[in-house]
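Just need the whole structure built from these sequences, with the hints factored in.
Letter by letter, the chains look like this.
Number of protein chains: 2
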Amino acid sequence: MRLVVIGGVAAGLSAASRARKLDPALEIIVLEKTPHISYGACGLPYFIEGQVKTLDQLRVYDVAFFARERNIHVRVNAEVRSIAHQRREVLLSNGERVPYDKLVIATGAKREAARRGETMFAIDTWSDAERLGAFLRDAKPKTAAILGAGYIGLEMAEALRAQGLQVTVFQRANYVLKRRDKWLTQIVAEHLKRCRVDLRLNETLEDSTRYDMLIAAYGLKPNVRLASEAAIEIGRTGAIRANDRMETNLHGVYAAGDCAETTHLVTGRPAWFPLGTTANKMGRVAGANAAGARERMPGIVGTSIVRVCGLGIGMTGLSPEDASKEGMDPVAVEIEALEKARYFRGRVTRVQLVVNRRSGQVIGGVVVGEDGVAGRTNVLATAVTSRMLLDDFVNLDLAYSPPFSRSWDPLLIAAQQLLKLLH
Amino acid sequence: MRLVVIGGVAAGLSAASRARKLDPALEIIVLEKTPHISYGACGLPYFIEGQVKTLDQLRVYDVAFFARERNIHVRVNAEVRSIAHQRREVLLSNGERVPYDKLVIATGAKREAARRGETMFAIDTWSDAERLGAFLRDAKPKTAAILGAGYIGLEMAEALRAQGLQVTVFQRANYVLKRRDKWLTQIVAEHLKRCRVDLRLNETLEDSTRYDMLIAAYGLKPNVRLASEAAIEIGRTGAIRANDRMETNLHGVYAAGDCAETTHLVTGRPAWFPLGTTANKMGRVAGANAAGARERMPGIVGTSIVRVCGLGIGMTGLSPEDASKEGMDPVAVEIEALEKARYFRGRVTRVQLVVNRRSGQVIGGVVVGEDGVAGRTNVLATAVTSRMLLDDFVNLDLAYSPPFSRSWDPLLIAAQQLLKLLH
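From first to last, the protein sequence lines stand for chains Y and V. Everything in the first sequence is counted per the numbering used here, starting at 23 for the first residue and increasing by one. Everything in the second sequence is counted per the numbering used here, starting at 23 for the first residue and increasing by one.
Calculated from the structure, these hints are not laboratory results. Each statement offered as a hint is correct.
Quick list of in silico lysine to aspartate or glutamate cross-link-like pairs, DMTMM-like style, CA-CA up to 20 Å:
| # | chain 1 | residue 1 | chain 2 | residue 2 |
| --- | --- | --- | --- | --- |
| 1 | Y | 362 | V | 71 |
| 2 | V | 442 | V | 413 |
| 3 | Y | 362 | V | 393 |
| 4 | Y | 204 | Y | 356 |
| 5 | V | 442 | Y | 317 |
| 6 | V | 132 | V | 101 |
| 7 | V | 200 | V | 225 |
| 8 | Y | 442 | V | 45 |
| 9 | Y | 362 | V | 78 |
| 10 | V | 362 | Y | 71 |
| 11 | Y | 442 | V | 317 |
| 12 | V | 362 | Y | 78 |
| 13 | V | 200 | V | 356 |
| 14 | V | 55 | V | 84 |
| 15 | Y | 55 | Y | 152 |
| 16 | V | 43 | Y | 413 |
| 17 | V | 362 | Y | 392 |
| 18 | Y | 55 | Y | 84 |
| 19 | Y | 362 | V | 392 |
| 20 | V | 362 | Y | 393 |
Listed next, with one range per pair, are the computed distances between beta-carbon atoms:
| # | chain 1 | residue 1 | chain 2 | residue 2 | range |
| --- | --- | --- | --- | --- | --- |
| 21 | Y | 253 | V | 205 | 44 to 54 Å |
| 22 | Y | 346 | V | 316 | 25 to 35 Å |
| 23 | Y | 253 | V | 445 | 30 to 40 Å |
All C-beta atoms in this analysis are idealised placements derived from N, C-alpha and C, irrespective of residue type, glycine included.
So this is what it looks like as structure tokens:
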């Protein structure tokens with residue numbers, strides 16, 4: 023019995039490792055088209071920023087580790103050209119055929135725009151980071167335009183500011199961080215201004231020659247060419263459609279990671295969230311099921327966190343505007359509160375809390391601040407996942423001691439305010 | 023219509039303020055027996071430690087504020103001697119009678135042991151802190167014995183170490199922090215050893231003359247004398263029994279704060295948790311209902327957090343041993359994991375996760391570490407409150423980005439390990 027995995031980063035290696043745990047006898051081959059496997063792609067902007075000193079710091083394991091410790095055969099520079107499911111084999115670019123019994127597709131995402139010129143850079147892969155790092159070192163650019171104000175765009179704004187560049191961010195939409203939300207957009211816009219990053223909303227770059235370099239941080243798409251050519255169903259999000267066992271419409275063929283859809287637990291509908299956490303979870307489930315177990319990936323609630331010039335921004339669930347688009351009746355409140363006492367240098371934390379008026383359930387929220395952002399975002403994510411009522415959320419028994427928090431946590435203050443609006 | 027509140031710190035002033043919000047016409051009188059109101063008692067150990075420079079930093083509002091901004095008449099040095107409910111009045115020590123229509127009892131807790139000598143100190147009130155601060159300054163003690171290894175005892179161990187004292191902690195029980203748990207006790211014992219605090223478990227102080235000073239950090243009891251003499255029902259925990267509206271067995275008489283019981287949401291039984299967060303919540307509900315609204319205090323899950331010589335320790339729900347005592351079938355796992363990548367100076371976080379095998383629900387947990395402890399504890403508290411199944415907990419969509427966390431959060435790693443034990 024042989025499992026073939028296409029893709030050797032987060033989802034692919036999670037799948038392979040999980041399959042090995044559950045079935046010591048399975049033959050497992052991972053095919054990675056680049057020379058690099060098993061690295062923390064989310065850390066690439068911090069290599070550019072300087073916090074990560076060498077790309078090797080981002081590597082988790084190497085090929086030898088997988089062979090020795092997990093009996094997994096990882097092949098680098100092994101590009102799959104096509105999948106022939108009827109013959110149960112994949113065809114490599116070099117003409118080689120690799121048969122499989124089970125297949126996991128973890129082909130990730132790609133940016134249409136990337137590498138359209140010598141001074142345009144992406145920061146999605148190891149090679150992207152190498153190339154950009156070398157350019158910064160050798161060409162010493164002074165100005166950069168970043169195209170796109172999603173996570174990567176804003177992380178790169180911080181990274182390039184840290185390298186001393188003048189940075190302009192062009193965002194075609196009127197919101198940032200993929201969240202239709204005026205409140206959040208304004209906070210980010212004001213913060214970027216303070217950090218002397220020039221954010222241009224509703225604008226596309228007209229004259230690219232005005233900047234020494236460009237960062238392509240828009241237009242990320244699931245990489246589904248192989249799947250689609252093999253008659254694997256693509257969902258409405260543009261990513262591979264899979265059930266909650268991460269199996270595609272082809273029996274024995276699984277999809278995981280940035281190329282695949284999962285379910286949004288608030289809307290109940292398919293969603294595409296190309297994030298490392300989701301990729302790892304999907305990979306784990308795909309690998310388990312490919313190895314004969316029965317595991318489920320229930321879905322996600324759209325949680326993410328990003329640091330933008332020192333400011334933490336965490337979000338989960340739906341924004342009021344997104345909830346309205348889903349036909350819900352959202353009510354939201356935004357508050358500011360100290361997250362610790364002043365004598366413990368407590369800073370202002372801002373919280374947006376969103377409930378669905380009809381159900382009374384907490385359906386989303388945003389936390390912005392310098393400290394405690396991940397924890398509060400995760401409390402919101404847990405409440406959203408468990409469909410907690412605002413009436414229960416407002417009474418949450420949260421941890422308090424002066425070095426850590428306040429007697430009324432900002433989350434609870436937001437909930438109290440929101441209750442007033444509802445009653 | 024007049025509301026009288028006995029007690030002018032957390033619960034009492036929460037009750038008074040909430041009642042005022044809901045009923046602008048109510049006459050509200052708060053009777054506080056000491057000269058000090060509205061201060062953060064949880065911050066007192068940090069005054070001794072030095073982080074809080076003057077006690078005034080712990081004061082939230084003063085008497086004039088309550089008069090001016092909230093039309094609440096706060097009387098200090100006004101000790102209630104008895105409650106005469108049939109006549110609807112309280113009798114003060116000076117002989118004065120104060121009539122009421124509604125009454126909130128927020129008499130707090132007290133330590134039987136405190137002030138049994140010139141070198142024995144408590145740290146429960148403003149005056150305690152003044153007296154101890156003056157002693158440290160004037161007598162320059164070199165050695166201290168702390169009696170009790172609960173929150174206050176261990177916070178005071180840190181505070182006195184910071185002041186350069188040699189500290190010995192005597193704990194009659196074989197566990198610390200009021201949590202019957204060997205794993206946690208061992209972590210705390212080892213950490214205290216590293217911080218050169220001498221923890222003596224299963225030991226009581228024999229010869230108090232061997233130490234320059236003693237801290238009474240044991241034997242805290244709900245202060246229920248007034249209530250009990252007025253035929254108000256006392257629960258099995260020793261605290262005032264109240265329903266979920268915080269009303270006692272006497273109609274129109276409410277209890278809130280460290281003198282009152284609430285419900286433990288995991289066991290479903292009355293519980294006494296003398297903590298600031300719980301006191302504030304109870305006070306808010308008591309005040310609302312006293313003002314004619316109908317609000318509920320559903321209960322608590324026993325969440326707390328404490329800093330012990332720089333180490334954060336958060337806990338919620340039941341320990342395995344406490345769950346067994348409740349007739350549950352607990353299964354627990356303890357793990358260690360980095361809470362961030364090494365290149366972001368991630369430190370080891372330890373997590374204990376407890377589920378009830380019969381229901382599959384998450385019923386408790388402990389988080390220990392230097393960073394992110396409050397947030398992870400609060401995720402656990404939220405999961406425990408919502409009776410989340412481990413099967414759902416393990417799939418929680420938690421926030422990840424390298425400056426904040428890891429792709430597999432320590433909470434999820436613990437959940438994965440625990441799932442293996444269950445299946």
